Structures are given as structure tokens and as C-alpha cells.
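Engineer: In order, the protein sequences belong to chains H and Z.
To convert, count from 1 in the first sequence and add 22; that's this note's numbering.
To convert, count from 1 in the second sequence and add 22; that's this note's numbering.
Think of the hints as simulated: they come from the structure by calculation, not from any bench.
Keep in mind that this is a model prediction, so the values were computed, not measured.
Be careful, since some hints might not be right.
Which copy? The list can't say, so a pair holds if one copy fits it or any two copies do.
What the hints assert, rightly or not - Within a straight-line C-alpha distance of at most 35 Å, the following computed DSBU-like cross-link-like pairs (lysine-lysine) qualify: (1) 111 - 27; (2) 95 - 34; (3) 63 - 138; (4) 95 - 27; (5) 39 - 138.
Protein chains: 2
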Amino acid sequence: MINSKYQAINFKEKFSKINEYWTPKILAQFDGYYIKAAKMKGEFVWHSHGDVDELFMVIAGTLTILFRDGEVKISAGESFIVPKGTEHKPVAHEEVCCILIEKAGTLNTGDQGGDKTVSNEEWI
Amino acid sequence: MINSKYQAINFKEKFSKINEYWTPKILAQFDGYYIKAAKMKGEFVWHSHGDVDELFMVIAGTLTILFRDGEVKISAGESFIVPKGTEHKPVAHEEVCCILIEKAGTLNTGDQGGDKTVSNEEWI
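If we strip away everything but chain H, and leave its shape as in the complex, we get (with noise of 0.2 Å):
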């Protein structure tokens, strides 16, 4: 039986549909939260998320996470949580496909705002 309300989401086809860094695409809600796609290459701004938890899942590419004392590599098929309130600078010397999982509404550039600011994000 089939029924098209009932659709996986294809993480390859839907990274294929971005052509820009930086500008995390919604992909799905649950709860109050969203499931984002996002493709990064340089380095993005320092930045925390006052409240909120924010979970990081690589696709494609090894992302690098800095923080104020360490860091973290985050490779395809890894995942990492960046607790609430911690300043964090992603960091991809190389394309990255990236999941991001967070509350809906949260801004891409925490408290620190700036011009990578992407207030109104597209679903895709």
C-alpha cells in the first residue's frame, strides 16, 4: 500500500539542493525542533546558544569544532552535542555536509548576531 504522505527525507538529494555555505536549510520538525542541513567550508563566527543544546551530525567531510579550551573533529558518521552556553567556532577546511538538530528558532550565530546572521531560514 502506498501512501506519499509518508516520505523519508533523503539527506544526499537534499545537500545536493544547497549551493551555499553557512545557511542552514529546515528539513523537518519534531517537537519544537529542527532538523536542519547545512553545507560549511572556512570558518564561521564565534558564537554560543544561550539555552539551548545544539547537535551537530556530519554527513560528508570533517568538521572542526573550537572552543576556548580544546576542540573537537567531527568526521562523517559522528555526531556532537555543543552544550548550551558554550562559545564554539566551526571550523571546515573542507566542504562540509553537516545535520543540525535545534530548537526551532534558534539563530545560526547564537547571541553573537553579525552579518552571517540568517534570520528567516528556507525549508527545503
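Here the structure of chain H is known, so what remains is to put chain Z in place on it, guided by the hints.
Structural biologist: Coordinates of chain Z only, in the frame set by chain H:
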């Protein structure tokens, strides 16, 4: 700079530690949610979760989820959210490695209960 408190979660390594089916293990928590890993093979029971959405992300194999009015197939690299209150029955014709994200305290058998219920999920 190395700080061992920043450590990515490697899904393949986590799944290598699981040798039971339909027994989700907790990998991490973010906000009030758990990321869990489960191996699945065969048929699970019909059940629903009254007040929480449930995110499935398949890492290996293909998971079928039956609904009363349709089904979805979720392959490696794909994701699907079962909406709250929706009766569903996961079926794995071959072994499936699946990541689940759901509110902490959500029971695997939802409102159905029965002998497949895992009430004290372990961390791995």
C-alpha cells in the same frame, strides 16, 4: 590543543557494541532529548507515542515502518519522523542500524507495553 571532554560520538563504534535487537541504547542527551542507537531485525509491535514525535535515522540497512494507512521505507542516509499519536509498526527484513531521537523517558513500545518494553534503557 586537546581536551578530552570534547569527544565526537562515532555511530559505527557504538553499533559494534550492541548485540541485541529492539533494545535502544542511549548515546547522548541534548536539552530534554535522547539520541539512541538500536539494532533491529524482524517485526516489532504496533504502538504509538501519545505526546512525542519520534525521529528515525537509518545508518545501515533499510527499515520499513507500517502505518494503518500506508508505509515508509527508510534506507541508510535517510530519516523519517513518526508524528505523535500515530500507530506504527517497525519491520526490518534484514538487520538495520538506526539512530532514534526522542524525548527522554519515551518508552520503545509507547502506549502498547508488552514483553518487548525496555523500561531502563542503558547508556553505551
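Engineer: If a hint holds in the structure, say so; if it does not, say that too.
Structural biologist: Comparing the hints with the structure gives:
1. 111 - 27: Answer is between: at 16 Å across copies they meet the 35 Å cutoff, but 38 Å inside does not.
2. 95 - 34: both (21 Å within a copy, 16 Å between copies)
3. 63 - 138: Within one copy only: 13 Å inside, 45 Å across.
4. 95 - 27: between (37 Å within a copy, 12 Å between copies)
5. 39 - 138: For residue 39 and residue 138, the Cα distance is within 35 Å only inside one copy (20 Å; across copies 40 Å).
Of the numbered hints stated above, none is contradicted by the structure.
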